[in-house]
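*Asks:* Residues per chain are reported as follows:
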Amino acid sequence: MSEWVDVCAIGEIEEEDVIRFDHVGRTFAVYRDEDGTPFCTDGLCTHEQVHLADGLVLDDEIECPKHNGRFNYKTGAALRTPACVALTTYPARIAEGRIQVQV
Amino acid sequence: MTPARDYSLIGPERDRAIAVGLASAEWYHTDVPRKIMKGLMRRNDGAATRDTILWLGLLLLTGIGGVATWGTWWAVPFFLVYGVLYGSACDSRWHECGHGTAFKTQWKNDWVYALASFMVLRNPVAWRWSHARHHTDTIIVGRDPEITVMRPPDIARKALAFIGIPDAFQHFGVLVRQAISGPNAEEADYIPESEVTKVMFWARLFVGLHLVALLLALLTWSVLPLMLIGGPRIYGTWHMVLVGLLQHGGLAEDVLDHRLNSRTVYMNPVSRWLYWNMNYHVEHHMFPMVPYHALPALHELIKDDLPPANPSIPHAYAEMIAAVLRQRTEPGYFARRALPPGAKPYVEAFHTETSLPEAS
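Chains as they are written, first to last, in the working numbering: chain A, 1 to 103; chain B, 1001 to 1360.
Here chain A stands alone, though its shape is the one from the complex (with noise of 0.2 angstroms):
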């Protein structure tokens, strides 16, 4: 089982907004939905591997910046092409005022 690894403080993310977070040689996207509550997908879109960070978040989707491709950041499905191929999705959780990721 994969360890908890710390993102970032948890008023460094905005309700509804999403950062980038490099973890050994890997990106991923970290997100807080409009309750507060974390999430955590791949950090690129699965279309043409751009980061979803810089993306617009949408109740509980993530639009990609190049494209308007859209997925369902809370289950990983896309939604919208040219977005065909479902994100990774991992778990998230706050501990101590902290944002934590399991990747």
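Rather than coming from a laboratory, the hints here were simulated on the basis of the structure.
Predicted model only: the values in this text are computed from it and were never measured.
Yeah, the Cβ is synthetic: ideal placement off N, Cα and C, and Gly gets one too.
Among these hints, one or two may not hold up.
To be verified - List of simulated lysine to any residue pairs, SDA-like, C-alpha gap at most 20 angstroms:
#1 A:K74 / A:H47
#2 B:K1108 / A:R80
#3 B:K1035 / A:R80
#4 B:K1158 / B:E1319
#5 B:K1104 / B:P1296
#6 B:K1104 / B:A1047
#7 B:K1038 / A:T89
#8 B:K1198 / A:T81
#9 B:K1038 / A:L44
#10 B:K1198 / A:E14
#11 B:K1344 / B:D1305
#12 B:K1104 / A:A78
#13 A:K74 / A:T89
#14 B:K1198 / B:A1297
#15 B:K1035 / A:I19
#16 B:K1344 / B:E1026
#17 B:K1035 / A:G36
#18 B:K1038 / A:I19
#19 B:K1108 / B:E1146
#20 B:K1344 / B:P1307
#21 B:K1104 / A:L44
#22 B:K1104 / A:E61
#23 B:K1198 / A:R80
#24 B:K1035 / A:A78
#25 B:K1038 / B:A1297
#26 B:K1104 / A:E12
#27 B:K1344 / B:I1302
#28 B:K1303 / B:I1313
#29 A:K74 / A:G25
Stated by the list, open to error - Coverage of chain B stretches by chain A, computed from C-beta distances (three or more under 8 angstroms per stretch; other residues unrestricted):
#30 1122-1132
#31 1236-1247
For this one, chain A is given, so just place chain B on it according to the hints.
*Replies:* Frame of chain A; chain B shown alone:
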């Protein structure tokens, strides 16, 4: 003299673009703080709903007016307006709803996208993928399927496009071919296999609806049904071509900076409404997530990092025509855009073909 280039997506230019790192590359972006960009990207339904009600309402009114006065000269002004609303405004509605940015509500984007695709004679599935490629590899020869002004330019063909000839017939021919056999080899370069069934469905639907209009014209022995459906793509398409040619015409190929290969032009309010602000074309390509109604604000924010906008359509045409005329004999020539003082400079290594490494 530079030799003419091969714009095919399955030829040697594609291999060269991939080999030298021009395909799916990193592009220049002006720095905009995340908080401000989030505000600009924010979606709403208000502007596009208002504009769409106005668009469809005017289409209905002018269409009814044209039918009611058919056979008299009074029909002419009605169809002049109807034609532009149908055969020109369809392009910007197709474009913005294809990006999914016009409306916040996605089904509204999808419905307007389907309707506008029908009007502009574009397969909604094939062109969604085509346009994604256009944004990945904007004006990269061998990769971009939407390069409108190739070199050396066919000026007569571009002039005829203002009256839809042969453009509208060519687009309809593509739909017929897709209805029968699906995507061809070039289209298959950017349309996934999983989308082929959808491509054929929409092509058959669009061809069928146009054949119904043609049948009605034959049964009534009147051109009126074709004045309402299909015909505006010929007699009303001039504004789409007028503004569309300016997007990239006469500018650089094979560069990774939209400031060099795209053009922002200040336009009158009617053209901007018909065009849904796509005259801010550098801004759109740099930040395609910003909805059309926020592009003027984005322009104000980043204009000091962009080449000065052309102040009018005639000014932009003077620049483009001079470049295109020269490209008849010098296909390697392009109009280079100057940057204002203080703008981040172009990265020369990405802006001169001769400085790019040769494909092995």
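*Asks:* Tell me if the straight-line CA distance from B:K1104 to A:E12 falls inside 20 angstroms.
*Replies:* Violated. B:K1104 to A:E12 sits at ~27 angstroms, over the 20 angstroms cutoff.
*Asks:* Does A:T89 lie within 20 angstroms of B:K1038 when you go C-alpha to C-alpha?
*Replies:* violated (23 angstroms)
*Asks:* Within a Cα-Cα threshold of 20 angstroms, do B:K1038 and A:L44 meet the stated pairing?
*Replies:* holds (19 angstroms)
*Asks:* Compare the distance between the alpha carbons of B:K1035 and A:G36 with 20 angstroms, and conclude whether the hinted pair is satisfied.
*Replies:* At roughly 17 angstroms apart (the allowed maximum being 20 angstroms), A:G36 and B:K1035 satisfy the hint.
*Asks:* Would the pair A:K74 and A:G25 pass a check requiring their Cα atoms to be no farther apart than 20 angstroms?
*Replies:* violated (23 angstroms)
*Asks:* Take a quick look at whether B:K1198 and A:R80 sit within 20 angstroms of each other, Cα to Cα.
*Replies:* holds (14 angstroms)
*Asks:* Straight-line Cα separation of B:K1038 and B:A1297 no greater than 20 angstroms?
*Replies:* Holds. B:K1038 to B:A1297 sits at ~13 angstroms (cutoff 20 angstroms).
*Asks:* Keeping to a limit of 20 angstroms between CA atoms, is the pair of A:K74 and A:H47 held or broken?
*Replies:* holds (18 angstroms)
*Asks:* So if I understand the rule, the pair passes when the alpha-carbon distance is 20 angstroms or less; does B:K1108 with B:E1146 pass?
*Replies:* Given that 20 angstroms is the threshold and the Cα spacing comes to 25 angstroms, the pair is violated.
*Asks:* Holds or violated: are the alpha carbons of B:K1104 and A:A78 at most 20 angstroms from each other?
*Replies:* holds (18 angstroms)
*Asks:* Regarding the pair B:K1198 and A:E14, is the alpha-carbon distance no greater than 20 angstroms?
*Replies:* This hinted pair is violated, its Cα atoms lying about 39 angstroms apart.
*Asks:* Examine the segment 1122-1132 of chain B for residues whose CB is less than 8 angstroms from any CB of chain A, and state whether their number is three or more.
*Replies:* holds (count 3)
This entry does not satisfy hints 3, 7, 10, 14, 19, 21, 24, 26, 29, 31, going by the numbered hints stated previously.
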